[in-house]
Each structure stands twice: as C-alpha cells, then as structure tokens.
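Chemist: Chain by chain, the residues run as shown.
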Amino acid sequence: MTSRRQMLKSALLGGGAGVVAATALGSLGPEAAFATARAPEVEPGTVDPNFAEGRIRSIKDNTLLVLGSNMVFHNIRVVDGTSLWKLGPVPFDQAKPGDGLYARGVRMPDGVLAAESVWLNIVNIKGHIKNITSDKIHLDHNGQEVLCHVVSGKSVAVHSESPPTADLSMLRVSQHVQILGAWRPDTNEVDIATVFSPH
Amino acid sequence: MVRRQPTDPPPIDLYASVQGEVSWFCCGTAWGPCSTTGKGACGTCNSGSLQHAWPNTSDACLAITHPDTCGVSLSRRTCGFQHKITALCSGTSVVTAIADCGPQTDLFCGEKSCCGATCASNRLIDLTPAAYSKIASLSAGLRPCEISTP
Amino acid sequence: MQGIAALQPYVIALFLVWAALMKLFSRRMRAQAGRTALARLVGSARAIPTLRLVGVVELAVAAALLLPPATPEEGAAAAVLSAGFLAYLAYAYAAAPTSSCGCLGAHSHPVDVRAFARAGLLCAAGVAAVWAGPYPLDPPLVTLGLVEVVALLGLSAELDRFWLSPLRQLLVRLRQPLAVRSPAEIPLEVSLHLLYLSPAYCSASAQLTSDVQDVWDEDGLRFVVYGARERTAVFSIPLAGADPSAVRVALT
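Protein chains in written order, with the numbering used here: chain A, 1 to 199; chain B, 1 to 150; chain C, 1 to 252.
These are computed hints drawn from the structure, not numbers from a lab.
Check the hints yourself; a few may be wrong.
Claimed, not checked - Below 27 Å or equal to it, Euclidean Cα-Cα: the simulated BS3-like pairs (lysine-lysine) are:
(1) A/Lys130 x B/Lys112
(2) A/Lys154 x A/Lys96
(3) A/Lys86 x A/Lys60
(4) A/Lys130 x A/Lys154
(5) A/Lys86 x A/Lys9
(6) B/Lys112 x A/Lys154
To be verified - Here chain A is said to cover these stretches of chain B; the calculated rule only asks that three of the stretch's residues, wherever they fall, bring their Cβ under 8 Å from a Cβ of chain A:
(7) 22-28
(8) 38-51
For each residue, glycine too, the CB sits at the ideal point set by N, CA and C.
Next comes chain A alone, as it looks inside the complex:
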C-alpha cells in the first residue's frame, strides 16, 4: 500500500468519527474565506468558466488540451488532488486522446482550468430497453440504438431507494430506464455504471 494510503488510513483509524468534528472543519480564517470566495458568481443561463466540456485532443505532461463543442479550446491541468472518473476512479494515465470530457475546477488568471474533478466519457442517458442479450442492454435513446454493456464488478441496478445490486436480471424489455455509464469513443456503445429503474 502506498504511503499516502497508509497516512490516510491511520488518520481515519486514529482520528476518524461518525461525523466530522466541528474543530476539524476549520475556522473561517483568511485562507478559508479566500477558498470559498475564489469563484465569483456566474450569471445563470450563461457558460460557466469553471467548467469545461469537449473531447481530449492531446495530453502533455499533466495538461489536457480539450476542444469544446463550441469550438473553444481548454487547457485543463490535473494535479494530485484532482479526481479522475472513467467508469470509476482511475489514475491519470487512463486519460486518452479522443475521450469525451467534463471537468470542474477553478479558472486561473492565465486561462488554464485547474481541475478538481474530471469525468471521462460519462453519459447519463434515458430510454426504453429494446432487447436484452448476453451481458448487453439494447437501449432506444431518442430513436438511436445504444448498446450498453454490463461490466462485471462495476455495473449495478438501482430500483428507487433499494440498495444497488449487481444483479440486473430484474430489468424488463420495454421498460424505461436511465443509464449512467462510460461512452466508448466513436461508437454507439456504453459501459454501464448504474441503471436507474423506476420499479
């Protein structure tokens, strides 16, 4: 186990609690005040400068060059504290050119987006199940067929507030579902993270 994990584990086992202690939340000192005030309010309905969406064009060191759907380029810097999602938490080397991307962070004065969270190829699509074949759900999404793959150890189904289950066999042909998953770039296929079923 890495030293960082060891350090975090001992912090938890030594000082962890059922709720975060008030003292651990820290006082509203100048650093804290700056942290909360660092992002000026964005006008509703307008583009959020602290958010980027697009496809990765190239990766250099720890920076992702992303081309947005509005033809604007974004430079996105990934650091140790940045979370990366690609059907689950992944290390930085899993980011590949061609991946679709959403990123939220803080826009720096030089225009670079210092990312706090990066989600690669994440989609959240609603539709009707047309067919279910071996480990695949054929979804009718707005008239397009999207092939959704069940990934062992990752895919779950959620029925209202019941605990998620890895057993997707309760899903029915013709029912409506929402599928959150990872798009396979340049295909009409998705790997399933969660299937939300109304019943």
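Please arrange chains B and C on chain A, whose structure you already have, making use of the hints.
Modeler: Chains B and C only, in chain A's frame:
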C-alpha cells in the same frame, strides 16, 4: 346563490420551495450520444452553461412530462426563468435558467433518493453537467434536492 | 404468375386501409404529427391537413383496388403511391433521422431498414398488381397471400410491442442473460450508496470539492478518498452490512 366550483389545487412550487430528485442531461451538439441532441426546446441549451430542464414550460411539454401522474402540480415557467437548486445533503446550491423541457417525471413516479435521513421523491428537474457538477458529482446520477426561486 | 398478380391488390389494400384509418381517426397520431418528418417537410401547421389528405388518397386507391373491375391503372396508382412513400422515407432518413416516420402508427418510430423493406415490398406488389386480372383465389394462393401479409406485418415496427417485445421478454426470462455469475466483487456504487445515507457523509459533504480520488479495500472496510478544498476527506465504509452509522470520516 351561486355555488362555487372546486378549483384545481395550486402548483406546489407557487408559494414555497419543493423537494424532489435532480438528475442531469447533456445538450448542444456535443460528444457521444449527445451529438444528435440539439439545443433543447428553447434553442439555447448547452452542457457547459448553468441551465436546466423544467417539466412545465408549455402545454406540449406538459403532455410529455405529465407530473400530474405522480400527483405533482408545478407552475408554468418559460425559457430563461431562473430556479435555485439546493442539494439536500451539502446545502450547496446553484441558480440556473430554463433551457429545455424535461425530465419525464411520469416515467419515474414514486422513485426516491436519499442523502442521510432526508429523502425526496419524483424527478422534478434536470440540470446541465455544468450546473449539476456545482452541487453534486456527475457520477452520482440522481440526488435529492430543493427547488426554489432565487 | 397471374394468380400472384391477382393477389396483390388485396394485400396492398389491407395496408392502405390501415394506414388511412390511422391517419384519419387516430387522435394520438394527430397529436404527434408536429414531431414527425412530415412536419419538417411541409411545416408543422400543415402536417395534420397533409396527413388527412394522404389518408383520403390511400382510402381512394384501396377502394379502387378492392372493387371490380381490376384495371392496370389501379396497380400503377398503388405503385406510384408506394414509390412516393419510399421517397418520403428517404427524405425522413436523411433530413430528420431521429424523428418519427408518422406512417402507420401513433407511437414514435424512426425510419430504419425495416421501414424501407416494407415500403419496397409494397411498391413491388403495386407493380405486380398492374397485371392483376380476374382469377380464382384457391387455397395455395390464399396461403401465399397470408404469408405476404404476415411478412409485411413483421416488418412493421408499429406492431413490435404486440409480439416482438413480449417474445424478447420471454427469451430473456428463459436465458437470464444478465444473471450475476460470480458475485465476488462488491461494486463501488454499492458502497457509495451506503455512504450517501451516512451521517458522516452528511456532515462532510459541504467540504467536498472533488469526486472519488482513490478507493481501496482492507480488513473488511472500503476506504474512499475525496478532495476537500486544500485538505483530504477519507471515509471508511463497511463492506458487509448496511448500517450507515458505521461509516466513519476524517478530514486531514
């Protein structure tokens, strides 16, 4: 003496904030399955903007979303109207403007989502990725929230 | 050959009558007319009148096909109608691929291979009907006719919910394609669901500024790490059991 007809119950969001589920959707000609989605019912929707979809933007919209099937009546609000959406757990909030019709409330009637001991039912609002990521992680596709006017 | 040709007017007429009745009397179809490819072609305002006009023409051609005498012009009219319909499908496919066809049903169905195949077969039937003349319809011909109708019905996506979806559901029930074979690994989403219900998460969630940075399992616990501004939040979630209050948190 004229007998008064019973009136329809007022929309639940008219005088107070309401609690419900919030999810997210992509719009604008973007990557992946979003490439054919278009700019929404208002023609201005973009995944990178702080916008949302509302179930009652027009009669045509209401005919698709049918929140009344779930026993919920919502106010008519049109393109550009601003709502404030607050995540029930963290208390973080975002103010967004209507840019599309949705979600399909009637297809998920009674569905519940919880944070801690606080739960909310029925899908009442859908946010763009930019807006949703301000109050929750995109990987948690459904969260309980409170909807109010700023 | 003569027999086959004589059969076609009845087959074509059946589909023309079905299409016409849907266009003229289905309230749902008229309600959805604005979202079909037809609306894109003639404008939303003219979609319903156009739909009604096409319905009337279809009924007229169907009546001509069914009523004696059988003339070549009737078959030609049916063929022209089908050819025009094929052209409309091609337009719908090219211009508005995800919009509904608005053809034979009130439920939304984008134009696909089956729609083209059905229209193509009806067009061929129309051409064959040009040679239709009086001919006794013996049992083999009737059987052929039924086969033709069943094939055309099978190509109609509007009817899938009556037979194809139930058939698929039966096959799913028999084969169980999504049954979990080796439930050894507990998906992360199961742990996160428990996390969201916990007081630990509720107390810390306002501080969290990132999604999950790191996850690892040890000693029956799943450790999940989030960024919390300049600090780090680490949660321990029991892998077994479903008690949210057993989740612990530390901010370092």
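Chemist: Would you mind marking each hint as holding or not holding in the structure?
Modeler: Hints, one by one, checked against the model:
no. : hint                : result
1   : A/Lys130 x B/Lys112 : holds (25 Å)
2   : A/Lys154 x A/Lys96  : holds (21 Å)
3   : A/Lys86 x A/Lys60   : holds (19 Å)
4   : A/Lys130 x A/Lys154 : holds (22 Å)
5   : A/Lys86 x A/Lys9    : holds (24 Å)
6   : B/Lys112 x A/Lys154 : holds (22 Å)
7   : 22-28               : holds (count 5)
8   : 38-51               : holds (count 7)
Checked against the numbered hints given earlier, the structure satisfies every one of them.
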